[in-house]
Amino acid sequence: MTGVIVAAVLVVAAVGLSRASRIGLERELVLAAVRAGVQLTVVGAIVALVFEHAGLAWAFVAVMLGAASLTSGRRLRGTPHATARAAAAIALGAAAAIVPLLATGAFDTAPRELVPIAGILIGGAMVATSVTGRRLIDRAEEDRAGVEARLALGASVPEALAPTVRQAVTTAMIPILDQTKNVGLVTLPGTFVGLILGGATPAEAARVQLTVLLALLAVELVAALAAARLTVAGLRAPGERVVIRP
Amino acid sequence: MQLELDDIALARGALSGISLTLRGGELTALEGPSGIGKTSLLRAIVRLDEPAAGRVRVDGEDARELDPRVLRRRVGFVAQAPAMLPGTVRDNLAYALPEPPDEARLRTALEAAALEAGFLDRDAARLSGGEQARVAIARALTREPGALLLDEPTASLDPTATAAIEQLLRDLAARGLAVLVVTHDAAQAERIADHTVRL
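Sequences listed follow chains A and B, in order.
Sequential numbering from 1 applies to the first sequence in our numbering.
Sequential numbering from 1 applies to the second sequence in our numbering.
Calculated from the structure, these hints are not laboratory results.
C-beta atoms are modelled at their ideal positions from N, C-alpha and C, and glycine is treated no differently.
It cannot be assumed that every hint is accurate.
Label-pair ranges, simulated between beta-carbon atoms [unchecked claim]:
| id | chain 1 | residue 1 | chain 2 | residue 2 | range |
| --- | --- | --- | --- | --- | --- |
| 1 | B | Ser16 | A | Glu142 | 28 to 34 angstroms |
| 2 | A | Asn182 | B | Ala125 | 31 to 37 angstroms |
| 3 | A | Gly105 | B | Glu103 | 22 to 28 angstroms |
| 4 | B | Arg64 | A | Glu159 | 18 to 24 angstroms |
| 5 | B | Glu61 | A | Leu177 | 34 to 40 angstroms |
| 6 | A | Pro158 | B | Ala114 | 45 to 51 angstroms |
With the C-beta cut set under 8 angstroms, the calculated list includes, among others, these residues of chain B facing chain A [stated by the list, open to error]:
| id | residue |
| --- | --- |
| 7 | Leu48 |
| 8 | Arg55 |
| 9 | Leu85 |
| 10 | Arg90 |
| 11 | Tyr95 |
| 12 | Ala96 |
| 13 | Arg143 |
| 14 | Arg198 |
Work out the full structure, taking the sequences as your base and the hints as a guide.
Spelled out as structure tokens, the structure:
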């Protein structure tokens, strides 16, 4: 609790600093701090409840998947049923790691393990889906002349969009590739820090972090490829044309 | 090849009731002011746009009954200021051909577009507007289509390049292709076309 009090005092100091230097961020700072306090208290209470009941843990995972699908679905605007496409890509990506990790006993289905691991993997799949889908739709729009040149030469829509798909998937994979390559050198990821602060040994924390990072490589690639395939299908109109909905 | 447009109406633009027949060996010009829907009409023939009404027939077959990919190999389409695909002229020409591309076919298409063999290994993005127009025509010819549709093929070219492309289009018609050229330039239509349709 001392930590929270000290941090709150720091916010009050930041508000004072903002006023003194006439930046005008006082309201924003207070609002952000209050929101964070309320949201984390509520989530803390829910997670405490979820940790007590195994059934609720799966419901919580379903809620995470739903929220992630809504978020990515907005990025896939331009295709029909964008949220459903996002949900399928995220679920497929996350399942690609969650299923083998649980089946082999690497992680337990106990809520205390399932919820945070599923959260990290669903989060990774969400970002890969959003970036791939958005990038693909934007590039298809920007390079309409190139795409139509390929169609006019007798290519199918997936063939005409193949270079765009490659670019989009590569872009989506950059953050996780760079994070994995530089782990420990540039950043200490959240899982590692959390476990250390929670009392785990550095070796244990490193093992779990490595498992998560390696799993994320697969999760994000599967999600990105699924998102690309589903986005291409969404852009493909009868008559072998590319139609981006307004 | 015979390409028939039967009472075509476009979804966008004001054009409706368009009927015309293109025959192999003839060059037809479609002439009219900008914005009237000439481009949309060309796109509708190869189904890059769907016409609101009417029918396109390719050698008597309803174009809607054909696989669009097959239709587009039989009827070549060259867009205005055509996009070059990344890579060399060879990459552009080989795009529509099965791997590995038949070298003889590449050279025939190149020759038909009045480009020398030395062009094959040049970077397509670095060519002049007139050269890119020729590459786009050569690219459309690799699958040996029966008809070729061109949208303002000389719009951004200087007089010399324009004259060369006009001669090329006449040559293609003389080789037996049904050629349809969209132009806003009445004098050009007069110079090159066997028939002119004014919109």
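Each hint tested on the structure:
1. B:Ser16 with A:Glu142: 28 to 34 angstroms: Holds, at about 32 angstroms.
2. A:Asn182 with B:Ala125: 31 to 37 angstroms: Given a distance of about 35 angstroms, which is inside 31 to 37 angstroms, the answer is holds.
3. A:Gly105 with B:Glu103: 22 to 28 angstroms: At 58 angstroms between Cβs, range violated.
4. B:Arg64 with A:Glu159: 18 to 24 angstroms: holds, 21 angstroms
5. B:Glu61 with A:Leu177: 34 to 40 angstroms: violated, 50 angstroms
6. A:Pro158 with B:Ala114: 45 to 51 angstroms: Cβ of Pro158 of chain A to Cβ of Ala114 of chain B: about 34 angstroms, so the range 45 to 51 angstroms is violated.
7. Leu48: holds, 6 angstroms
8. Arg55: Nearest chain A Cβ about 14 angstroms off; hint violated.
9. Leu85: The hint holds - Leu85 of chain B has a Cβ within 8 angstroms of chain A, the shortest such distance being about 6 angstroms.
10. Arg90: violated, 14 angstroms
11. Tyr95: Since chain A brings a Cβ to about 6 angstroms from Tyr95 of chain B, closer than 8 angstroms, the hint holds.
12. Ala96: holds, 4 angstroms
13. Arg143: holds, 6 angstroms
14. Arg198: violated, 26 angstroms
Hint violations for this structure: numbers 3, 5, 6, 8, 10, 14, all remaining hints satisfied.
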